[in-house]
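The task is simple: from the sequences and hints, build the whole structure.
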Amino acid sequence: MKLSTKTSLNFLSVALFTFLFGIIAFYYTLRYQVDKYINLELNKSKIALLEQTAKLNKFPSTTYGNCQLMTYKTIEFSKENTNFYKDTLILDKKVNRYKPYRLMTFSTTINNQAYEIQMLRTLEETDGLIINIFLFMTLLFILLIVILLIVNQYSSNQIWKDFYLSLDKINKFDLNIHKDIKLTTTDIKEFEDLNIVLRRMTKRIASDYSKMKEYTENASHEIQTPLAIINSKLELLLQCKELPEKQYQIIADASEASDRLARLNKTLILLTRIENRQFPEEKTIFPQQIIEKHLNNYEEIILSKGIKLSTTFEPEVNIQINPHLADILFLNLIKNAIRHNIPNGELKIKLNSTVFEIANSGAPLDIDSKLLFDRFFKSTKSSQSLGLGLSIVKKITELFNIKINYNYTENLHVVKLFFPK
Amino acid sequence: MKILLIEDEISLSSSIEAYLVEEGHICETTNFFEDAVEKIELYEYDCLIVDINLPDGNGLDLIRLAKKRNLESGIIIISARISLENRIEGLDIGADHYLTKPFHLAELNAHLKSINRRIHFSGSNQINFNEIHILPEEHRAFINNKELTLTRKEFELLLFFMANKNRVITKAGIAEHLWGDYMDTADSFDFIYTHIKNLRHKMMKIGSVDYIKTVYGVGYKFETST
Numbered sequence: 001m002k003l004s005t006k007t008s009l010n011f012l013s014v015a016l017f018t019f020l021f022g023i024i025a026f027y028y029t030l031r032y033q034v035d036k037y038i039n040l041e042l043n044k045s046k047i048a049l050l051e052q053t054a055k056l057n058k059f060p061s062t063t064y065g066n067c068q069l070m071t072y073k074t075i076e077f078s079k080e081n082t083n084f085y086k087d088t089l090i091l092d093k094k095v096n097r098y099k100p101y102r103l104m105t106f107s108t109t110i111n112n113q114a115y116e117i118q119m120l121r122t123l124e125e126t127d128g129l130i131i132n133i134f135l136f137m138t139l140l141f142i143l144l145i146v147i148l149l150i151v152n153q154y155s156s157n158q159i160w161k162d163f164y165l166s167l168d169k170i171n172k173f174d175l176n177i178h179k180d181i182k183l184t185t186t187d188i189k190e191f192e193d194l195n196i197v198l199r200r201m202t203k204r205i206a207s208d209y210s211k212m213k214e215y216t217e218n219a220s221h222e223i224q225t226p227l228a229i230i231n232s233k234l235e236l237l238l239q240c241k242e243l244p245e246k247q248y249q250i251i252a253d254a255s256e257a258s259d260r261l262a263r264l265n266k267t268l269i270l271l272t273r274i275e276n277r278q279f280p281e282e283k284t285i286f287p288q289q290i291i292e293k294h295l296n297n298y299e300e301i302i303l304s305k306g307i308k309l310s311t312t313f314e315p316e317v318n319i320q321i322n323p324h325l326a327d328i329l330f331l332n333l334i335k336n337a338i339r340h341n342i343p344n345g346e347l348k349i350k351l352n353s354t355v356f357e358i359a360n361s362g363a364p365l366d367i368d369s370k371l372l373f374d375r376f377f378k379s380t381k382s383s384q385s386l387g388l389g390l391s392i393v394k395k396i397t398e399l400f401n402i403k404i405n406y407n408y409t410e411n412l413h414v415v416k417l418f419f420p421k
Numbered sequence: 422m423k424i425l426l427i428e429d430e431i432s433l434s435s436s437i438e439a440y441l442v443e444e445g446h447i448c449e450t451t452n453f454f455e456d457a458v459e460k461i462e463l464y465e466y467d468c469l470i471v472d473i474n475l476p477d478g479n480g481l482d483l484i485r486l487a488k489k490r491n492l493e494s495g496i497i498i499i500s501a502r503i504s505l506e507n508r509i510e511g512l513d514i515g516a517d518h519y520l521t522k523p524f525h526l527a528e529l530n531a532h533l534k535s536i537n538r539r540i541h542f543s544g545s546n547q548i549n550f551n552e553i554h555i556l557p558e559e560h561r562a563f564i565n566n567k568e569l570t571l572t573r574k575e576f577e578l579l580l581f582f583m584a585n586k587n588r589v590i591t592k593a594g595i596a597e598h599l600w601g602d603y604m605d606t607a608d609s610f611d612f613i614y615t616h617i618k619n620l621r622h623k624m625m626k627i628g629s630v631d632y633i634k635t636v637y638g639v640g641y642k643f644e645t646s647t
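For the protein sequence lines, the chains are A and B, in the order given. According to the working numbering, the first sequence holds residues 1 to 421 in order. According to the working numbering, the second sequence holds residues 422 to 647 in order.
One thing to keep in mind: the hints can contain errors.
If you anchor each label on the Cβ, the simulated ranges turn out as follows [claimed, not checked]:
(1) 619/B x 292/A: 19 to 27 Å
(2) 210/A x 602/B: 23 to 31 Å
(3) 208/A x 459/B: 38 to 46 Å
(4) 371/A x 618/B: 33 to 41 Å
Rather than coming from a laboratory, the hints here were simulated on the basis of the structure. Owing to the predicted nature of the structure, the values given are computational and were not obtained by experimental measurement. Note that beta-carbon positions come from the ideal geometry of N, C-alpha and C, so glycine has one too.
Below you can see the structure in the form of structure tokens.
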């Protein structure tokens with residue numbers, strides 16, 4: 001949830017809560033005040049009524065201002081001095097509708113006769129007034145909330161704009177492309193503090209990263225020389241006359257392992273160099289030429305494995321890429337498709353201006369295909385492989401915005417490269 | 422051949438020297454740039470084997486120096502730098518070959534042989550050994566004047582063996598020589614076996630001695646002294 005939405009929701013829930021309670025309290029206060037005023041009016045009428053009654057010695061006409069005399073009846077003395085109010089509905093015969101009234105019941109003594117008298121005061125206008133005030137207040141309140149919400153949303157958008165800008169910059173930040181992060185300065189202190197921290201952090205990370213890359217490359221190169229020594233010594237040892245067969249085997253195993261280490265090291269150097277973007281040169285190359293060159297080199301192997309090769313080339317297809325990396329890219333894909341092919345399997349290559357597709361027969365992968373382009377991913381069956389070929393392919397495609405995609409259909413492993421437009 | 426080896430790693434230079442001396446070359450070794458400069462200026466060598474990264478200088482400058490002296494000598498670079506730019510630069514200033522460390526001594530030896538042919542038999546480039554007669558440029562081989570029909574890889578294999586006679590050559594060494602980056606070593610062993618089987622068969626069919634011996638589990642040997 002966005003921060004502004006969250007604050008708006010918090011605000012809204014508090015506002016609604018306050019609004020509900022406020023409006024109820026407001027209603028009852030208003031009601032109370034109005035009742036008090038009406039009671040006062042009824043009391044005034046009562047005094048006027050009693051005065052007139054005393055003057056006339058009988059009950060006068062029924063209306064006193066807004067109040068009217070409803071009923072009077074004789075009662076026992078004991079009930080003297082009652083005086084209470086209540087709200088009631090009385091049927092208005094003219095419109096055949098119940099209308100609200102406030103009813104005052106009191107007792108008094110006239111000529112030694114106790115009477116219970118009820119007086120009425122219509123509530124029609126005051127009720128109407130209360131409802132109008134109530135509605136108006138509600139409307140005002142809602143309007144206030146809406147305006148506040150809009151203002152809140154707008155101002156938080158304004159405030160957080162710098163934050164989102166920075167976020168976007170961090171998101172797009174790539175250590176391999178950018179040297180340092182360029183954040184726009186802002187006048188909000190907290191965000192500026194954040195930017196300062198971010199700048200400092202990325203600077204440190206970038207410097208650590210470049211040191212690490214340098215270190216990796218140097219270390220890898222340094223490894224080459226001792227490996228060369230080991231290899232050469234083993235080779236010399238092999239030339240000794242009359243070595244027992246057992247010792248030949250030991251030397252051969254050691255030599256094989258050091259060869260493998262050497263290959264691994266060379267491949268890792270290549271990967272590091274690709275990651276370090278040390279292949280900046282880009283040229284227009286024709287993949288068909290490269291592919292045909294590689295296939296030509298594999299001719300005997302394809303023949304001896306009995307692989308059925310089919311190629312479809314759209315003429316004059318070209319892409320912008322580093323020529324050396326293009327060579328490695330297609331070599332690795334073709335090598336992979338031949339190595340993991342089955343005897344008498346198929347190898348299909350298609351090239352057009354947007355897609356390069358290479359498919360080879362083979363049993364389905366025994367490991368998750370999502371890991372296929374990961375370093376040191378290998379099928380359990382090929383322990384001799386380094387597991388770096390496809391990871392190099394992936395690195396190269398990333399460098400040149402080529403999309404890569406793998407799937408397995410009809411017993412064929414299909415790798416597709418989608419060239420950028 | 423008279424060879425100058427410039428390599429600062431003494432362990433490595435001693436291995437190379439031992440291998441080359443065994444081959445009958447005269448090999449002088451130096452571990453320092455200044456020393457190498459002096460030697461190049463004073464003497465003449467058939468071939469220079471140069472390491473690029475020397476503690477007191479750059480091997481490329483030695484190559485430039487040799488080229489300036491207009492020496493006929495062949496030049497092989499051995500370097501731990503695997504990048505293409507280094508290779509291109511080295512070859513651009515006149516080196517014949519660029520080997521990245523680690524390399525097989527048999528490979529280095531094969532390159533020396535081809536340099537030797539270029540220098541000493543300029544033009545009439547051919548290899549003769551007993552009944553075997555090879556024209557490397559034309560990719561043709563003969564046994565007792567009968568032509569051998571070989572595939573490209575078989576021919577390369579024969580040349581490689583001829584350069585490293587009486588040497589145990591590991592399967593990995595052969596794989597590296599024949600395929601380089603095209604094959605991962607272990608994958609290629611079956612193919613090496615097939616190629617060697619075919620080569621032996623073809624050679625013996627037209628009257629060659631069976632020179633190629635299997636060194637069990639290790640590799641092969643082109644044996645001339647039985």
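Check: Which of the listed hints are not met by the structure?
Finding: Violated hints: none at all, because every hint is consistent with the structure.
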